[in-house]
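Asks: Every letter in the sequence shown is one number past the one before it in my numbering, and letter 175, counting from 1, is 1450.
Derived by calculation from the structure, the hints in this document are not laboratory data.
Everything numeric in this text was worked out from a predicted model, so none of it was measured.
Where is the CB? At the ideal position from N, CA and C, for every residue including glycine.
Keep in mind that the hints are not guaranteed to be accurate.
[Claimed, not checked] Pairwise CB distance ranges (calculated):
1. 1437 - 1397: 35 to 41 Å
2. 1500 - 1567: 45 to 51 Å
3. 1484 - 1666: 21 to 27 Å
4. 1546 - 1429: 28 to 34 Å
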Amino acid sequence: MNVPARRLLAINNYFYRRGGAEAVFFDHMEMFRRLDWDVVPFAMQHGRNEPSPWSAYFVSEIEFGEPASLARRVGQAASVIYSFEARRRLKALIERTQPAVAHAHNVYHHLSPAIFATLRAAGVPTVLTLHDLKIACPAYKMLRQGQVCEDCRGGHVFNVLRHRCIKGSTLLSAVILAETLTQTVLGLYRDKVDRFVVPSAFYRDKLAEWGWPRERMVHIPNFIDVTGYAQRWDESDYFVFAGRLAPEKGLDTLIRATALAGQRLVIAGTGPEEAALRRLAETTGADVRFAGYLAGEALHRLIGQSLALVLPSEWYENAPISLLEAYALGRPVIGTAIGGIPEMIRPGETGLLTPPAAAECLATALADMATLSPATRAGMGTAGRAWVADAFSAARYRQGMLDLYRALGVDG
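From just these sequences and the hints, can you work out the full model?
Replies: What follows is the structure in structure tokens.
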């Protein structure tokens, strides 16, 4: 079989655009296809997957929360801990395609990091992009009951069970503890992955604090092509949030701040907190419109016509794609000073920073932004667009990845 010298094995749980990690996964594949690399995906079977000639090698679908028999639930729990099926199918795919390098994204719970042992055994250099903190925190967010939590630092992972970190469930937390212990003993992340890509400097530094080898972490920011985004919009009179409606996003704080500031807010997205957030908006009298899930032109227009995008996160956010998109659309950003967000906002120049979980401070920031002239807000957006066009460009990302692959002995 004639094997291309530049063949990339791209790995992720899902093979459709489901969230920020999948956006990076698909954009990465497309970038390397345009560089004339042969790209082979490996993922989980799913009804929403994009078509692929390699889908016969994908692992069986696992969707947690769906009705299932006891036997199936036991099987799913075992696969979370260590998926023999994923190893078997990946081994067959490697033998068929002989990739030069493997680049993984989110693999835990579905494919499982067992695949890293298969890649190491086959001699395939392996890179893992860290979209969250799973390699350190069993619950992946370093968040417990709405507060930042680092109790597992130093190997104290039994805290995941003690605190029932997984949906408040003893059983689910026990499964994740077993997963973490198994993967730690086998060194599936620490010993089998050659390099970790961290999109934020904050993640690099935080993981180094937790004992992960800094020399194997490479900071390569996410990228955006601003040429695909219009920047001249007729500004309206609302702020906007776009993303998943989950507890860690700080949306309850944002709604309270909206009420305090007397501003309008549009929330684009869906998630488990939607019903509670609607009730909170009614209780506080906040002027909030829930727009549901939006994508493409509809989302761009909503953000482009806003006063600013607001990111009120209360967890260690990594490097939000939505922030880059707001800048590309010529809009300023108000964000909380937590995780990687401060790296992506220049206060007074491209947006504003506020403390997390502080409704009064966020209300002040909303009011301050609203009182600026439209020209001043447009200038902030223009500055943000110019910044990301340079520092977060596709060219910088591409060169960073090519340099990384070359460092692993792959001719790019």
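Asks: Next, verify each hint and record whether it holds.
Replies: Taking the hints in turn, this is what the structure says about them:
no. : hint                    : in the structure
1   : 1437 - 1397: 35 to 41 Å : holds (38 Å)
2   : 1500 - 1567: 45 to 51 Å : violated (27 Å)
3   : 1484 - 1666: 21 to 27 Å : holds (25 Å)
4   : 1546 - 1429: 28 to 34 Å : holds (32 Å)
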